[in-house]
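Chains A and B, in that order, give the protein sequences.
Counting in numbering that gives the first Met the number 0, the first sequence runs from 0 upward without gaps.
Counting in numbering that gives the first Met the number 0, the second sequence runs from 0 upward without gaps.
Since the hints were made in silico from the structure, they are not lab data.
Don't take each hint at face value.
Each pair may be met inside one copy or between any two copies, as identical chains are not told apart.
[Said to hold, decoys possible] Capping the alpha-carbon separation at 25 Å, the derived lysine-lysine pairs in DSS-like fashion look like this:
{"no.": "1", "residue 1": "Lys193", "residue 2": "Lys33"}
{"no.": "2", "residue 1": "Lys183", "residue 2": "Lys33"}
{"no.": "3", "residue 1": "Lys325", "residue 2": "Lys42"}
{"no.": "4", "residue 1": "Lys183", "residue 2": "Lys193"}
{"no.": "5", "residue 1": "Lys147", "residue 2": "Lys33"}
{"no.": "6", "residue 1": "Lys325", "residue 2": "Lys193"}
{"no.": "7", "residue 1": "Lys422", "residue 2": "Lys293"}
{"no.": "8", "residue 1": "Lys422", "residue 2": "Lys147"}
{"no.": "9", "residue 1": "Lys422", "residue 2": "Lys42"}
{"no.": "10", "residue 1": "Lys325", "residue 2": "Lys147"}
Number of protein chains: 2
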Amino acid sequence: MTPLVLGIFQYIGPNGTVGSAWQHPDDTSADFTKLSHWTALAKQFDDAGLDFLFLADSYGFPALDGELLDASVREGRGIPHGDPMPLVSALAAVTEKLGFIVTTSTTVEPPAANARRFATLDHFTDGRIGWNIVTGSSGATAAALMGKELIAHDLRYDMADDYVDVNLTLWEGSWEDDALVRDKAAGVYADPAKVHMVHHEGPYFRTDGILNLPPSPQRTPLLVQAGASGRGRQFAGRNAEAVFVGGGEPETVAANITGIRESAVAAGRSAESIKVLVGALFITAPTSEEAWAKHAEMLAMSTPEGAAAIYAGNTGVDLLALDPDKPIAQTSTEMGQSNLERYLGKDGKPAPLVRDILENFRRTGINGSVFVGSPDEVADQIEQFVQQTGADGFLIQPHLTPGTYDDLIGLLLPVLRERGLAKTGHEGSTLRERLFGEGNVHLPADHRGYAFRAGRD
Amino acid sequence: MTPLVLGIFQYIGPNGTVGSAWQHPDDTSADFTKLSHWTALAKQFDDAGLDFLFLADSYGFPALDGELLDASVREGRGIPHGDPMPLVSALAAVTEKLGFIVTTSTTVEPPAANARRFATLDHFTDGRIGWNIVTGSSGATAAALMGKELIAHDLRYDMADDYVDVNLTLWEGSWEDDALVRDKAAGVYADPAKVHMVHHEGPYFRTDGILNLPPSPQRTPLLVQAGASGRGRQFAGRNAEAVFVGGGEPETVAANITGIRESAVAAGRSAESIKVLVGALFITAPTSEEAWAKHAEMLAMSTPEGAAAIYAGNTGVDLLALDPDKPIAQTSTEMGQSNLERYLGKDGKPAPLVRDILENFRRTGINGSVFVGSPDEVADQIEQFVQQTGADGFLIQPHLTPGTYDDLIGLLLPVLRERGLAKTGHEGSTLRERLFGEGNVHLPADHRGYAFRAGRD
Chain A
0 MTPLVLGIFQ YIGPNGTVGS AWQHPDDTSA DFTKLSHWTA LAKQFDDAGL DFLFLADSYG
60 FPALDGELLD ASVREGRGIP HGDPMPLVSA LAAVTEKLGF IVTTSTTVEP PAANARRFAT
120 LDHFTDGRIG WNIVTGSSGA TAAALMGKEL IAHDLRYDMA DDYVDVNLTL WEGSWEDDAL
180 VRDKAAGVYA DPAKVHMVHH EGPYFRTDGI LNLPPSPQRT PLLVQAGASG RGRQFAGRNA
240 EAVFVGGGEP ETVAANITGI RESAVAAGRS AESIKVLVGA LFITAPTSEE AWAKHAEMLA
300 MSTPEGAAAI YAGNTGVDLL ALDPDKPIAQ TSTEMGQSNL ERYLGKDGKP APLVRDILEN
360 FRRTGINGSV FVGSPDEVAD QIEQFVQQTG ADGFLIQPHL TPGTYDDLIG LLLPVLRERG
420 LAKTGHEGST LRERLFGEGN VHLPADHRGY AFRAGRD
Chain B
0 MTPLVLGIFQ YIGPNGTVGS AWQHPDDTSA DFTKLSHWTA LAKQFDDAGL DFLFLADSYG
60 FPALDGELLD ASVREGRGIP HGDPMPLVSA LAAVTEKLGF IVTTSTTVEP PAANARRFAT
120 LDHFTDGRIG WNIVTGSSGA TAAALMGKEL IAHDLRYDMA DDYVDVNLTL WEGSWEDDAL
180 VRDKAAGVYA DPAKVHMVHH EGPYFRTDGI LNLPPSPQRT PLLVQAGASG RGRQFAGRNA
240 EAVFVGGGEP ETVAANITGI RESAVAAGRS AESIKVLVGA LFITAPTSEE AWAKHAEMLA
300 MSTPEGAAAI YAGNTGVDLL ALDPDKPIAQ TSTEMGQSNL ERYLGKDGKP APLVRDILEN
360 FRRTGINGSV FVGSPDEVAD QIEQFVQQTG ADGFLIQPHL TPGTYDDLIG LLLPVLRERG
420 LAKTGHEGST LRERLFGEGN VHLPADHRGY AFRAGRD
C-alpha cells in the first residue's frame with residue numbers, strides 16, 4: 000500500500016474538533032496564545048516525520064441572529080480563535096522538514112497582498128508553505144465583522160477562481176527563473192529584462208504590478224481546498240493540489256473522493272493530481288480497553304450545548320430550539336449542508352431526527368471520522384477505510400494536547416510504518432515534493448497555473 | 000539628558016535607505032529571504048538593549064507611468080520588498096525584550112482582520128508589538144496592484160481615523176479584563192457575560208462582531224505613524240503614541256516636532272504623549288578618518304540612477320528627465336512633498352536646482368540625517384541635534400548589514416550610555432512600557448482609545 004499523507008489539523012484556539020478538551024487536567028491547549036506552546040508541538044511533529052501542520056482559520060465565530068452563544072464562550076469552542084498567519088515563521092525556524100498549510104479567505108484578504116504574504120512565507124519556510132483557500136468560513140459572522148454583505152455561495156467560488164488567477168499571475172508571471180542575479184562585483188541584483196509587470200483584468204479582480212520578491216522555492220504555495228459542494232468541487236478540480244474532506248461513512252467519503260478526482264479530470268488534469276485527505280480523529284492507547292476509556296473521557300467533555308453552538312455557528316440552525324424527535328432537512332450554509340449530508344436521508348433513507356444529529360455531532364464533531372482502539376486495531380480500521388474510500392491520507396484532528404499526539408507518534412505511527420502505511424523518510428525539501436515526490440517543486444504542467452509562468456519557451 | 004528611544008528601521012529587502020549596500024563584500028542583506036538572517040539580527044538588537052525593530056513596508060514599488068525603473072531592479076532598490084507581517088513571530092521566539100513595530104496599510108488590509116492579526120501578535124510577542132499605521136505608501140503602484148483607485152490624500156486620513164476606530168473598538172471593547180476564566184474544574188473557559196459584541200458604524204467602515212481572542216498584554220498595540228502633512232499630523236495627534244519623522248536641517252525637524260506635539264495637545268492629550276523619533280544614519284568607526292572613509296564607500300555604492308528611481312517611486316517625478324540646472328517646486332504625492340520640503344525654497348529661500356535635489360537625495364536618502372564621525376563625534380552631533388530639535392530618539396537607518404549595527408552597538412552605544420543618552424536597562428516587559436516607563440502597559444486615559452474599553456466603571 001502506498002504510504003499515506005499525514006498532516007495535523009489545528010486552529011489557534013483552546014480546543015480540538017470534538018468537545019472541550021482544554022479542561023482536561025493534562026491538556027495544555029489553553030496556552031495557545033503562547034509561542035512556546037506551538038514551537039514545542041511543531042518540533043514534535045517534525046521529529047516524528049509527519050508531513051505538515053494545517054492551520055485552519057475562521058474569520059467569524061459561532062453566533063445566532065447576531066448574538067454570541069453562551070456555551071461557545073463558556074467552553075472555548077469557536078471563541079477564541081486567533082490568526083494563524085503570524086505564527087508560521089516561528090515554527091519554520093525550529094523545524095527542518097515539516098510543511099505548513101495556512102488558511103486565508105478570498106472574501107477577506109486583498110488578492111495581491113495575499114500573494115506577497117505567501118511568497119514571503121515560501122521564502123522564510125524554504126518552500127514548505129501551502130495555502131488553504133477558503134471563500135468564506137463562518138460566512139455570516141465573518142461578513143458582519145468585515146462590514147461586508149454575505150456573498151452567495153456560487154458567486155463566492157466564481158470570485159475565488161478570479162482571485163486565484165491574480166495570485167498565480169503574480170507568483171508565476173512576474174519574475175523569470177533566472178531574473179535574480181546577485182552579482183556583487185557587477186553591482187547587479189536582478190536583471191530588469193526578466194522582471195515583468197503583470198496585468199490581470201478579471202470579472203471581479205484586477206491587478207497591475209509585480210510580485211515584489213524574487214522567485215521563492217515553490218513559487219506557488221501548495222494549493223489546498225476543502226469545499227464539498229458541487230461548485231466547490233469544480234473549484235478544486237481547477238485549482239487544488241490537496242483537498243481536505245470530512246469523514247463519515249466510507250461509502251459517502253468514497254463518493255466524495257471520486258467526485259473530486261473526476262473534477263480534476265474535467266479540468267484537464269490527472270485523477271492523481273489531487274491528494275485527498277480525510278479528517279479523522281485517532282484515539283489510541285496500548286490496549287483497546289484503555290483507548291475506549293479515553294474515548295469515554297472525551298465524550299464526557301463534550302456537551303450537547305457546546306456541540307449545538309458549533310453546529311449553529313456553521314449552519315445557522317439551533318438544534319436545541321427544535322423538537323428533538325422531529326427530522327431536519329435543511330440548513331443555510333454550505334458547511335452546514337455538507338455536514339448535514341452525512342446524516343440526512345438520501346437515497347430513500349429516512350431523514351434523521353434532531354436528537355440523533357446533535358448526538359452524532361457531539362460525538363464526531365465537524366470533520367467526521369473517529370477511530371478508536373489499540374494501535375493495531377486503529378491501523379486495521381485505517382487500512383480498511385483507505386481501501387474502501389481511495390483516500391490518500393488523513394488530516395488528523397486534535398483532541399488532547401499533547402496526549403493525542405503522543406499516542407499518535409509513540410503508538411500508532413510505528414505500526415503504520417511497519418505496514419507500509421506511513422512514510423519512513425523524507426522526499427525532497429519542499430511541501431509539494433513531500434506530497435508528490437522528489438523533484439515536484441513547482442506546479443505541474445497540467446495545472447492551469449503553469450501557463451502563467453514568465454519566460455517559459 | 001533623558002535617555003533616547005532607539006529603534007532600528009528595516010524593510011524586507013536587500014538595501015538600506017542610502018545606496019545599494021548589498022553589493023559590498025561584507026554585506027549580508029541580500030539574504031533577507033532567509034529567516035536565519037533576521038533571527039541573528041534580532042538577537043543582536045535584543046542583546047544590545049535596543050528598544051525595537053521597526054519593519055517598514057510598502058505595498059507598492061518604484062515605477063513611473065506603469066513601467067518599472069531599470070535602476071530599481073538592477074540595484075535592488077525598492078524591488079524586492081517582502082511582507083514584514085509573517086516575520087515577527089520567528090524574531091519574538093528568539094528575543095526577550097525587543098519590541099517589533101509592523102507596518103500595515105489602512106487602504107489595503109481589512110480593518111477587523113488587521114485587529115485580530117495584531118492581537119494575535121501581541122499575544123505571541125508577550126506585549127512587544129506596535130502598529131505603524133500607513134494610509135497608502137507608494138500610493139499609485141500599490142493601488143494599481145490592489146486593483147483599486149488611488150484615494151485622495153486627506154480622504155485617506157479621514158478613512159484611517161475610522162479604520163483605527165474599528166481596531167480600537169475590537170481591541171478595547173470586546174473582552175472585559177476578567178472575562179478569561181480558565182477554570183478547568185468548573186469547565187469554564189470564559190465568562191459569557193463579559194465578552195461583548197461590538198458595533199461600529201462609521202462613515203467608511205462598519206463592524207459587528209468580536210475580537211476573537213482574550214485580552215492580549217497591551218490590548219492595543221503601540222500606535223505608530225509617520226505622516227508629515229497637516230492632515231497626517233492631525234491624525235498623529237489623535238492616534239499616535241510614537242511618530243517617525245524624517246531627518247534634515249535641525250530647524251525643520253524642530254518645527255515638525257513642535258507641530259506634532261501641538262497636534263497631540265489639540266486632541267486633548269499631553270505634549271509628551273507622543274514620542275517623536277527621527278530617521279538617522281550613524282556612520283561611525285574608531286577614528287574620524289575611518290568613519291569618513293566608510294561614508295565615502297557608502298556614497299560610491301549610491302548612484303544617481305538608483306536615487307532617482309526611489310525618488311520617482313515616491314514622488315512621481317523623474318529627476319533624470321528634467322533639466323538639472325533648473326529648480327523644481329512640485330510633486331504629486333505626500334511623501335514626495337514632505338521630502339521635497341526639505342529642499343524646497345520656503346521662507347524666501349530660492350528653490351533648489353534639480354541637480355542639488357538629486358545629489359542630496361543620493362547622499363541622505365528618503366529619511367534624512369546622516370551623522371558621520373568617531374563615536375565621540377557622533378555622540379556630540381546627536382546631543383546637539385536632540386537639544387536643537389526636542390527629538391525623543393532615533394529610528395536608525397541601516398547601511399551595511401551587519402556592519403552598521405556592529406559599529407552602533409560596539410562603538411556608539413557605550414558612549415551614548417556613558418553620557419546618559421541611551422538606556423542602561425529595561426523598564427517593564429511590553430513595548431509601551433519600553434517607551435513610556437514601567438506600568439504603562441495599556442493606552443493612557445487621555446488617548447481616545449481608552450474610552451472604548453468594555454466593563455470599565
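Status of the hints after comparison with the structure:
1. Lys193 x Lys33: Between copies, since 22 Å is at most 25 Å while 43 Å is not.
2. Lys183 x Lys33: between (41 Å within a copy, 18 Å between copies)
3. Lys325 x Lys42: Cα proximity of Lys325 and Lys42: none, with 48 Å in one copy and 62 Å across.
4. Lys183 x Lys193: within (18 Å within a copy, 59 Å between copies)
5. Lys147 x Lys33: neither (31 Å within a copy, 37 Å between copies)
6. Lys325 x Lys193: neither (65 Å within a copy, 35 Å between copies)
7. Lys422 x Lys293: neither (27 Å within a copy, 54 Å between copies)
8. Lys422 x Lys147: neither (45 Å within a copy, 47 Å between copies)
9. Lys422 x Lys42: within (18 Å within a copy, 37 Å between copies)
10. Lys325 x Lys147: Neither, since 35 Å and 51 Å both go past 25 Å.
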